[in-house]
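The listed protein sequences derive, respectively, from chains A and B. So the first sequence is residues 1 to 289, counted in this note's numbering. So the second sequence is residues 1001 to 1289, counted in this note's numbering.
A few of these clues could be false.
[To be verified] If we take Cβ atoms under 10 angstroms as the criterion, some of the chain A residues that face chain B in the derived model are:
{"#": "1", "residue": "G194"}
{"#": "2", "residue": "I195"}
{"#": "3", "residue": "I243"}
{"#": "4", "residue": "M245"}
Because the hints were derived from the structure by calculation, they are not lab data. Note that CB positions come from ideal geometry on N, CA and C, so glycine has one too.
Protein chains: 2
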Amino acid sequence: MITSPSNGRIKLIRELMAHSKARKKEGVFVAEGVKMFLEAPENEIREVYLTERLYTRLKFEKELPKKYEDCRLKLKEVSYEVVADDIFERISDTVTPQGILAIIDRREYQLEDILGGRMNAIYMVLENLQDPGNLGTILRTAEASGVDGVILGENCVDMYNPKVIRSTMGAIFRVPFTYVENVREAIRIMSERGISTYAAILSEDAKEYDAFDYTTATAFVIGNEGNGLSEEAIRLSTSQVFIPMQGEAESLNASMAAGILMYEAARQRRHKEKQQKRIFSTQTMPEIK
Amino acid sequence: MITSPSNGRIKLIRELMAHSKARKKEGVFVAEGVKMFLEAPENEIREVYLTERLYTRLKFEKELPKKYEDCRLKLKEVSYEVVADDIFERISDTVTPQGILAIIDRREYQLEDILGGRMNAIYMVLENLQDPGNLGTILRTAEASGVDGVILGENCVDMYNPKVIRSTMGAIFRVPFTYVENVREAIRIMSERGISTYAAILSEDAKEYDAFDYTTATAFVIGNEGNGLSEEAIRLSTSQVFIPMQGEAESLNASMAAGILMYEAARQRRHKEKQQKRIFSTQTMPEIK
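Given only the sequences and the hints, what does the whole structure look like? Please build it.
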């Protein structure tokens, strides 16, 4: 059991929690909590740390809530180290730590991997997004709405920031994403491949977001929380869209705007699918004499 | 100038920041930052506190960004007190305080005030919502999407919590809201008045959220972040709706779900309005001979 705060592993975990450079150098990230541990693919888990309290609980308590039972099972498949409760508290990023964290291998995608998927894919492009909660929520909503991949400008907050990871609710393990040096270049490449790119802007000069057909290959381009998108990103996008606002509201929260756009695309795609099913079932209906 | 942390006003402000009971007792709340001060209706501002630094800046700097110019103008209309910078830091709820906060009168609405508006009003009903950021974002999005009022169960987080206020981005001054002892009773009253209430639930047994017509009087009922709505709130609602999710996503963030519903209603209403305009303009078009 690790009982010293100056233990090398503990020091490294603190580094990995605090600094994106350290995470990048080691090619890993830190996922905290029972849910995240359960959602992490087994072959990508490099190390696991448990508090003494959780370890004792898993070892001796007979009846546990389902997620702890699942935790107990999964811990049979991976190696782990026990950490004194007070030491764990120092490495945890949460106020009330659940007592488990895992060091996980990063999956590195290239822009080509992300764009090389299905024909009518749907993408999010994020330029200079800064708030960890917003990024995590966008990834979580991206998964739920059926987005194929997320492309981030290098100035965006780090996806492996512990706050981002927490607010993805596990989507970090499932939605492919990549950082690019130049978002404008990525927009250009997407346009060349016939992906319609929609820059979300606050000007009412743009068209209302629901005036477009998002059932073919689509990318939504979202900018910084305070300053929106760069002029160039707007100019390079196929179209500019805005989300109508009433009252004296000046803007929507960035993740909210992203979510409304993603779910409008999802809505249109569901409707189209249903329509096609209806047409198909009409055509193949046996004739009644 | 206030220079002592044991000054009575400073102590009271700290109380008001930290405790919803203190705020309730005094019938006020604390709004921090330049933007919030500017958005606060003048006749509702009870007290204003400035840091020495901001005071000096407003007094002596000739060219200031627009919002500081506006701040300077507004400070001519209200009385204020200057506070030593380090004392202000102790009362501020933010990491980098902007140097201004205001004590503001609460506007108290009753359920009757909220329900007594336009015919086709749209409402949000929140049961046991706990996260300050979620509540603030819901109010901000409510204003932007044209919601008439928000009804909160008494177990919800306090709307006057400093974190909530910040994330409303000023909507707290403009969207009417009220806390009710019993959310189920409020749902029942709304139903009686012909308002369709839609309980947002995670079960696919419910109908997809976009299968309903939200252009008549509508209320969306949103539950707790972790546990959703109570059985009773679900049962008392006119219909149950769910937002389809792909991948392995188990749920959406509560404010995201609320935003998607509110903007679906806004979208339907805009479309209906446009259709009616079209019909009207066709009918009144002069005949061409």
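Verification of the supplied hints:
Nearest Cβ of chain B to the Cβ of G194 of chain A: about 23 angstroms, over the 10 angstroms cut. The hint is violated. For I195 of chain A, the interface hint is violated, since its Cβ never comes within 10 angstroms of a Cβ in chain B; the closest pair sits about 19 angstroms apart. The criterion of a C-beta within 10 angstroms of any C-beta in chain B is met by I243 of chain A, whose closest approach is roughly 7 angstroms, and the hint holds. Because the closest C-beta pair between M245 of chain A and chain B is about 4 angstroms apart, less than 10 angstroms, the hint holds.
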